[in-house]
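S.K.: One letter stands for each residue in the lines below.
2 protein chains.
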Amino acid sequence: MEISIIGLGLMGGSLGLGLKKSSTPYKISGYDLNSEHSIMAMQLGLVDEIVSLTDALTKEVVILATPVDICIKILSEFAPVSASQTVIDLGSTKEKISNAVKSEIRESFVAAHPMTGTEYSGPTAAKEELYKNSTVVLCDLEKSGKRQADIAKKIFTDLGMKIIEMDSATHDLHAAYISHLPHIISYSLAATVLSKENPQDILSMAAGGFRDMSRLAKSRPDLWTQIFRQNKQNLLESVKLFEKNLSELRSCIENEEWESLEEKLEKAKELHLIFK
Amino acid sequence: MEISIIGLGLMGGSLGLGLKKSSTPYKISGYDLNSEHSIMAMQLGLVDEIVSLTDALTKEVVILATPVDICIKILSEFAPVSASQTVIDLGSTKEKISNAVKSEIRESFVAAHPMTGTEYSGPTAAKEELYKNSTVVLCDLEKSGKRQADIAKKIFTDLGMKIIEMDSATHDLHAAYISHLPHIISYSLAATVLSKENPQDILSMAAGGFRDMSRLAKSRPDLWTQIFRQNKQNLLESVKLFEKNLSELRSCIENEEWESLEEKLEKAKELHLIFK
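Protein chains in written order, with the working numbering: chain H, 282 to 557; chain E, 282 to 557.
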């Protein structure tokens, strides 16, 4: 199967590596707007060849692993060349991307969100097993052609992923709570420590807890601004609900309602009864 | 050297395991209020013997690895029996504990906070290398006897730790930002997802980012309520500063000030230039 990957960073590069290790013979072309990334992608063996964007868009399967605004730009401007093609995007938001596809090529398109990643970016961040054992969400599949949906499922299965399906609006709501809100919180925590007079002294005491909680703040601000913009309403809802929960805990502390605080912490901890 | 460990959970149990592996010959006695924990600690080889609380308090070195309120209770009620003894506490707060020690035995006492741990608790959570390569903060050392300070330093060095010193007030301020605030945030995030109608559906999409951000909410609410109470003022200051930083990001999103948002995220990300 001939696949092109547009965007050879963490997500696209890891996809190339992962597919090259699968038992299905894939021929993988790549394109990146940044020519240095294209050179690195070849040097790192992420793809078999580098092609032009025009050529990339003619392949049997086209995978968009670009920032989410670029997904929309490509899907609304550069139409696939044939009805037999399959175009899959990997963006962290789904509703605006899914709706941006022109109706005449909608069957060629599959909206996917692999729930994996790291805080790093670029071709050097690519990891062969990034996708393995993770979950991919396929959205609005009833709008995709049967053939295209099957091809997407085969590719993600070859990567060792678990597939779940939902509509893109539900995806974006859930993604706000599970991913976009945690990113905003992590950036806010990092900003909080940095706003103190002596962050270096404070950080000298930091251990695993703070490391985990501040890790997401390493993520690329340009990519995440696009994601936050595309998922604005859901994100705001989640931030406000978080602020409400935090202010309830803060009030308990201010008012020295220790029993009530402990009860609220016990209740919050119950998340881990259903999240293994 | 004869050491007793009072409290045989994650911190005390790991300390026993770690010291038994060091090249210094330690004889390690243990006591836990919970007799089942005492039995488990022996079965798991965390200590060499189980003794009564009274006996534990007569050893050459006494290590308090109990909840922080119990540290204060022991230090203010059960005085060490001899001036040659060394009593070290491992609590997550330091000022109230350091000040709770009676002046006549103050030289026998060393206030320590090992910046390590996991979200798990009890003897089964103990890990031989929990302390290794971590940092321990020794507080108000000028109030400890020279002999006692040296013994504490030897023990933590034998565990493979890096030692830093500061006054207990500064420790508590830093600990609020680096540890106590992250815990409150993690509990609030868990509570936020749980307060939705369908947390299980949301969690089906959760990956590493959410896992890291919600991990601290597995911690024991009773222990953390005590820590939050003992460090109330610093914690409230840190929570309010965090709320301010989060509300600034939220405002950017509400007002669609995307350039300003991206700048704020870039600034927050700079934390990782000084936090390796």
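A portion of the hints provided could be inaccurate.
Since the list gives no way to pick out one identical chain from another, each pair is judged satisfied if it fits inside one copy or across any two copies.
To be verified - Subject to a maximum C-alpha distance of 30 Å in a straight line, what follows is the list of computed BS3-like cross-link-like pairs (lysine-lysine):
(1) LYS548 x LYS424
(2) LYS545 x LYS477
(3) LYS545 x LYS354
(4) LYS435 x LYS302
(5) LYS545 x LYS525
(6) LYS377 x LYS354
(7) LYS525 x LYS513
Hint data in this document are derived by calculation from the structure and do not stem from the laboratory.
S.K.: Compare the structure with each hint and give your call.
M.R.: Hints, verified against the model:
1. LYS548 x LYS424: Neither, since 40 Å and 41 Å both go past 30 Å.
2. LYS545 x LYS477: Classified as both; 29 Å inside a copy, 15 Å across copies.
3. LYS545 x LYS354: For LYS545 and LYS354, only the inter-copy Cα distance (25 Å) is at most 30 Å; the intra-copy one is 45 Å.
4. LYS435 x LYS302: within (14 Å within a copy, 51 Å between copies)
5. LYS545 x LYS525: both (13 Å within a copy, 23 Å between copies)
6. LYS377 x LYS354: Intra 11 Å, inter 59 Å, cutoff 30 Å: intra-copy only.
7. LYS525 x LYS513: For LYS525 and LYS513, the Cα distance is within 30 Å both inside one copy (18 Å) and across copies (19 Å).
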